[in-house]
Amino acid sequence: DTAVSQTPKYLVTQMGNDKSIKCEQNLGHDTMYWYKQDSKKFLKIMFSYNNKELIINETVPNRFSPKSPDKAHLNLHINSLELGDSAVYFCASSQAGYGNSPLHFGNGTRLTVT
Amino acid sequence: DAKTTQPNSMESNEEEPVHLPCNHSTISGTDYIHWYRQLPSQGPEYVIHGLTSNVNNRMASLAIAEDRKSSTLILHRATLRDAAVYYCILKGDSWGKLQFGAGTQVVVTP
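Quick note, the sequences are listed as chains A and B, same order. First residue of the first sequence? That's 141 in this note's numbering, and the numbers climb one at a time after it. First residue of the second sequence? That's 3 in this note's numbering, and the numbers climb one at a time after it.
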């Protein structure tokens with residue numbers, strides 16, 4: 141009964157490859173997010189979707205392309221992977237974007253680019 | 003976005019209370035105060051949130067200053083499982099754009 145699930149948990153790939161990370165939530169939320177946690181452990185928002193529409197795009201390189209086929213899914217596709225993309229990527233969801241709606245996070249996908 | 007200031011780390015003995023302070027002097031009237039924690043190798047976990055009044059739930063209590071410029075997360079009886087990084091974050095109506103700082107590393111000793 142995992143609330144926010146991401147696959148894969150680990151992803152090791154070479155520079156220049158294209159990869160995808162999938163995220164699904166079963167909480168009935170209408171807003172989903174991607175966060176990146178770098179080696180210094182800071183969490184930074186990358187994207188936010190509400191009802192399948194892009195709401196936030198935090199100046200992420202256009203090699204990163206999120207796709208939301210429905211409210212329960214938000215996938216992240218990364219083209220031409222670079223060493224600097226190595227990080228842990230977290231998916232999250234909430235009920236709308238209101239201040240009093242908590243975010244629920246997945247357990248992350250650790251991406252290692254060699 | 004309004005920012006928060008937290009101590010880098012705090013240490014507590016097991017089964018003792020832990021008081022985690024957070025300063026947010028530039029908080030706006032519509033910002034909610036949220037707390038999350040991140041255990042090693044896991045995603046952030048929601049702990050509690052509040053606007054003006056003190057809040058209690060099964061995990062913790064949140065005490066909010068009358069002027070809302072500071073708050074304190076209270077773990078009533080620390081366990082080893084409470085060892086984590088605790089983040090104090092302000093969340094307004096901006097589509098969940100939580101801005102995480104460095105947080106407070108809580109160390110619990112048996």
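Please keep in mind that the hints were generated in silico from the structure rather than gathered at the bench. Worth double-checking, as some hints may not be accurate.
Over the 12 Å line for every Cβ pair with chain A, so calculated as not near, a few chain B residues [stated by the list, open to error]:
#1 E16
#2 E18
#3 T32
#4 G45
#5 I50
#6 H51
#7 G52
#8 N58
#9 E68
#10 D69
#11 I91
#12 K93
#13 Q101
#14 G105
#15 V109
Only some residues are given here: those of chain B computed to face chain A with a beta carbon under 7 Å [what the hints assert, rightly or not]:
#16 E13
#17 Y34
#18 Q44
#19 P46
#20 Y48
#21 G94
#22 F102
C-beta: ideal position from N, C-alpha, C; glycine also.
Confirm or reject: B/H51 is not an interface residue toward chain A, with every Cβ-Cβ distance exceeding 12 Å. Incorrect as stated: the minimum Cβ-Cβ distance to chain A is 6 Å, not above 12 Å.
Beyond 12 Å from each Cβ of chain A, as asserted for B/E16: holds (25 Å)
No chain A beta carbon within 12 Å of B/G45's: violated (3 Å)
Can we confirm that no CB of chain A comes within 12 Å of the CB of B/E68? holds (19 Å)
Consistency of the no-contact label for B/D69, given chain A and a CB cut of 12 Å: holds (18 Å)
Report holds if the minimum CB distance from B/I50 to chain A is greater than 12 Å, and violated otherwise. violated (9 Å)
Please confirm whether B/N58 is truly not at the interface, meaning its C-beta sits more than 12 Å away from all C-beta atoms of chain A. holds (16 Å)
Distance rule for B/T32, whose beta carbon must clear each one in chain A by more than 12 Å: Label violated. Min Cβ-Cβ 6 Å, cutoff 12 Å.
If we take the beta carbon of B/Q101, is the closest beta carbon in chain A still more than 12 Å away? Contrary to the label, B/Q101 does not stay out of reach of chain A, its closest Cβ about 8 Å off (not over 12 Å).
Hint check, B/E13 versus chain A [nearest Cβ-Cβ separation less than 7 Å]: violated (19 Å)
Measuring Cβ to Cβ, find out whether B/V109 lies farther than 12 Å from everything in chain A. holds (16 Å)
Per the stated criterion, does the least C-beta distance between B/E18 and chain A lie above 12 Å, as a non-interface residue requires? Since the minimum Cβ distance to chain A is about 26 Å, B/E18 lies beyond 12 Å and the statement holds.
Consistency note: the structure conflicts with the earlier hints numbered 3, 4, 5, 6, 7, 11, 12, 13, 14, 16.
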